[in-house]
Amino acid sequence: MALYSEKVMDHFRNPRNVGVIENADGIGEVGNAKCGDIMKIYLKIKDDMIEDAKFETFGCGSAIASSSMATEMIKGKPVSQALALTNKAVVEALDGLPAHKVHCSVLAEEAIKKALQDYYERNGIAYDPQQFPNCESCTHCTAEN
Amino acid sequence: MRIYLDNGATTKMSQTAIHAMLPYMDTIYGNPSSLHSAGQAAAEALADARQRIAACLGCSAAEITFTSGGSEADNQAILSAARLGARKGKRHIISTAFEHHAVLHTLKKLEKEGFTVTLLDVHENGIVLPEQVRDAIREDTCLVTVMYANNEIGSIQPIREIGAVCREKGVLFHTDAVQAAGHLPIHVQEQNIDMLSLSAHKFHGPKGIGVLYARKGILLTPLIEGGAQERGKRAGTENVPAIMGMAAALEEACEHLDENAAKLTGLRDKLIAGLSEIPHSILNGDAVHRLPGNVNFCFEGIEGESLLLLLDDKGICASSGSACTSGSLDPSHVLLAIGRVHDIAHGSLRLTLSEETTAEDVAYTIQAVKEVVAYLRGMSPIWRELVSGQREFIIQ
Chain A
1 MALYSEKVMD HFRNPRNVGV IENADGIGEV GNAKCGDIMK IYLKIKDDMI EDAKFETFGC
61 GSAIASSSMA TEMIKGKPVS QALALTNKAV VEALDGLPAH KVHCSVLAEE AIKKALQDYY
121 ERNGIAYDPQ QFPNCESCTH CTAEN
Chain B
1 MRIYLDNGAT TKMSQTAIHA MLPYMDTIYG NPSSLHSAGQ AAAEALADAR QRIAACLGCS
61 AAEITFTSGG SEADNQAILS AARLGARKGK RHIISTAFEH HAVLHTLKKL EKEGFTVTLL
121 DVHENGIVLP EQVRDAIRED TCLVTVMYAN NEIGSIQPIR EIGAVCREKG VLFHTDAVQA
181 AGHLPIHVQE QNIDMLSLSA HKFHGPKGIG VLYARKGILL TPLIEGGAQE RGKRAGTENV
241 PAIMGMAAAL EEACEHLDEN AAKLTGLRDK LIAGLSEIPH SILNGDAVHR LPGNVNFCFE
301 GIEGESLLLL LDDKGICASS GSACTSGSLD PSHVLLAIGR VHDIAHGSLR LTLSEETTAE
361 DVAYTIQAVK EVVAYLRGMS PIWRELVSGQ REFIIQ
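In order, the protein sequence lines correspond to chains A and B. Reminder that position 77 of the first sequence reads as 77 in our numbering, one-by-one numbering, no gaps. Reminder that position 20 of the second sequence reads as 20 in our numbering, one-by-one numbering, no gaps.
Calculated from the structure, these hints are not laboratory results. In this text, all values refer to a predicted model and were calculated from it rather than measured experimentally. Fair warning: there could be bad hints in the mix.
[What the hints assert, rightly or not] Now the in silico label distances, taken between C-beta atoms and shown as ranges: (1) A363(B) to K77(A): 44 to 54 Å; (2) A363(B) to M49(A): 43 to 53 Å; (3) N123(A) to D313(B): 39 to 49 Å; (4) M49(A) to D269(B): 52 to 62 Å; (5) G114(B) to A99(A): 30 to 40 Å; (6) A99(A) to A374(B): 29 to 39 Å; (7) L223(B) to Q81(A): 28 to 38 Å; (8) H19(B) to L3(A): 28 to 38 Å.
[Said to hold, decoys possible] Away from chain A, derived, C-beta distances all over 12 Å, residues of chain B: (9) A9; (10) T16; (11) E161.
Using N, Cα and C, we set each Cβ at its ideal position, and we do this for glycine too.
Kindly generate the complete structure, drawing on both the sequences and the hints.
Dropping the structure here:
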């Protein structure tokens, strides 16, 4: 389909890092079923490095591709780099997304940030809440959670 | 390999229709409004096509107006009835919650102009009852517009009975028969229909051409001003090749209507039975009063667009009512109208068959859908929560 780039279709058809990490160090879930997309990211973190990242996604082709690409982009990277991952970088790595699908890349960025926030909280690491998304700040959908 | 199961969106043109069109692009290319022989040859063909289409619908040729398709016909029918009603101070229109947007958006426009619109509930099976129409008709009702069959879930409406109620109450009755024409019997007189819209590309005719039938005496309001074509009700040189293709396609479809319906119904029910085996799936729309070629399901825990993309990879062309495929944030208004909640409406799949669909296609499709649904559920966090009991199933 011409709707998506080859890169998106590749990550959609052969998604990397699908699954669950048992005993994950951080888990982040964003979106809701009413909106039609939920992304859940699991992180294994050791020595301030993202050792492993896995995801589960309920959503459209670009949501699955964004999850796959985003997890690829943070694996093996320091936590600080994962925290700095932007949706724009995900979109660029996917060779673009249609305008009405950019939201999917935002979900990927936010799911990773939430997983990192979870990691900080579990380990009692101080962090700046301003760095993390919250559902109220998102204007994508009007669904009530 | 390609299995095309999106015939509700559009159909492949029949060879009959294609061949009926060719001479009108090549040898008989005159403008029907021209006085010379080339023009008059086209005018004769046009008159013949109008007559043949009228015969298929059970009306007279003078009651047929050619339009650019179903949407234009719906717009013109509703706006004309509204104009007629307004003259008598009647500004109330009755319709249903799951009409095509060509109807619903036209009604929205009229609401802004001071009309009141009542949208009737269509129940879980997707069928509106004549009694509901009777109860909703008021002194100031100028139009009832109810589709013959729903484009997404295929449910067939009791239009003859609704038409009878409208006749009794002296209210105009329009039906959007875009999905029905060529697939279900139509006889506008016997079915008490005052106005009817149809579109050729839904029954193996060309795109960009349709019909508005309006009973004699109903004054149509032109949407396009210009020349005196179509008795002044629709300006613009007639699309003669497309009209010839439409006439041929409609005649062919009506001639084989019963045998096609019997064949498609058999395949449809096999497909429904096969897909029903998928756990936590539900058929949308009435199982019996249903277009012969329409299948529509919701599968819990997955999203429709990814389902469509993976089916396309397996060679199956289908459609979905998920928000992601509509370009809006809300899933199909039709699925919401029959009471499907957002969560499961996003996971819908429509498969619409044609006369070319085979039993092998159906068997292959059942297997493919089962595989893809299972695969997507395997990566869905919702599905994990459902099977582990953290979340309650909506579809049992």
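Structure-based check of each hint:
| no. | hint | in the structure |
| --- | --- | --- |
| 1 | A363(B) to K77(A): 44 to 54 Å | holds (47 Å) |
| 2 | A363(B) to M49(A): 43 to 53 Å | holds (50 Å) |
| 3 | N123(A) to D313(B): 39 to 49 Å | holds (42 Å) |
| 4 | M49(A) to D269(B): 52 to 62 Å | holds (57 Å) |
| 5 | G114(B) to A99(A): 30 to 40 Å | holds (36 Å) |
| 6 | A99(A) to A374(B): 29 to 39 Å | holds (32 Å) |
| 7 | L223(B) to Q81(A): 28 to 38 Å | violated (58 Å) |
| 8 | H19(B) to L3(A): 28 to 38 Å | holds (34 Å) |
| 9 | A9 | holds (14 Å) |
| 10 | T16 | holds (31 Å) |
| 11 | E161 | holds (37 Å) |
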